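Undergrad: Sequence:
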Amino acid sequence: MPIQKELALIIAVSSKGETAVYPPAEMVFDPILNLLDYQVSPARIPEKVLWKAEAIALKVAKSLKSAGLFAVEMFVDHDQNVWVNETAPRVHNSGHHSIEGNYCSQYHQLWRIILEYPLGNTDAIMPAAIVNLLGAPGFSGPAVYEGLPETLQIDNAFVHLYGKADTKPGRKMGHVTILSNEYQDLIHQSNKIKHLLKIVSK
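For reference, each letter of the sequence shown is one residue, going 1 to 202 in my numbering.
Some hints here could point you the wrong way.
Unchecked claim - Straight-line distance between alpha carbons at most 25 Å, and here's what the computed BS3-like set of lysine-lysine pairs gives:
no. : residue 1 : residue 2
1   : 192       : 168
2   : 59        : 48
3   : 194       : 5
4   : 48        : 16
Since the hints were made in silico from the structure, they are not lab data.
Fair warning: this is a prediction, and the values are worked out from it, not measured in the lab.
Hey, can you work out the whole structure from these sequences and the hints?
TA: What follows is the structure in structure tokens.
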């Protein structure tokens with residue numbers, strides 16, 4: 001099946017069966033490592049595809065008959081059909097941008113669900129992109145973050161390091177979230193950070 005885009009929608013379900021839907025994230029994967037290279041949210045999709053994706057994601061989440069957070073990953077083909085790939089019943093890497101980019105992050109939302117508080121506002125504050133920070137090829141050992149000070153100087157870029165002491169090729173060591181009202185700026189800053197911030201070893 002020829003795939004045009006890969007999407008992920010996070011659905012929050014309360015203990016009372018109430019639901020809240022996060023705007024979809026559009027994911028672009030590294031073809032060699034099969035790990036998320038970067039993503040943008042809200043996804044750049046037609047309204048018709050958005051409606052389909054939301055309806056399908058809600059149906060999947062409700063069918064599980066459980067409270068919680070559910071990340072529903074999907075494919076969009078060239079005919080704009082939407083296909084479910086998999087579902088993860090937890091906070092998810094496709095929702096990391098919600099820490100800065102949404103009024104209620106996926107982590108705060110999960111606490112609301114556990115404590116049986118009202119579900120939070122899932123609306124986006126601003127469009128966001130995420131760049132995964134992966135261990136550079138050819139380096140294994142104690143991690144060194146080349147370009148980190150320069151990255152921290154970029155406006156509306158938020159660095160999240162996962163505290164892993166050692167790196168190896170392709171190991172996920174963190175991510176950077178970028179906020180901007182312009183999609184082209186999101187892509188530009190994402191590419192800039194990918195070239196600027198390298199994780200090597202001593």
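Undergrad: All the hints need checking, so say for each whether the structure fits it.
TA: Hint-by-hint comparison with the structure:
1. 192 x 168: holds, 22 Å
2. 59 x 48: Since the Cα atoms of residue 59 and residue 48 sit roughly 17 Å apart, the hinted pair holds (cutoff 25 Å).
3. 194 x 5: holds, 21 Å
4. 48 x 16: Violated: residue 48 and residue 16 sit about 29 Å apart, past 25 Å.
Hint 4 alone, counting from the list given before, is not met by this structure.
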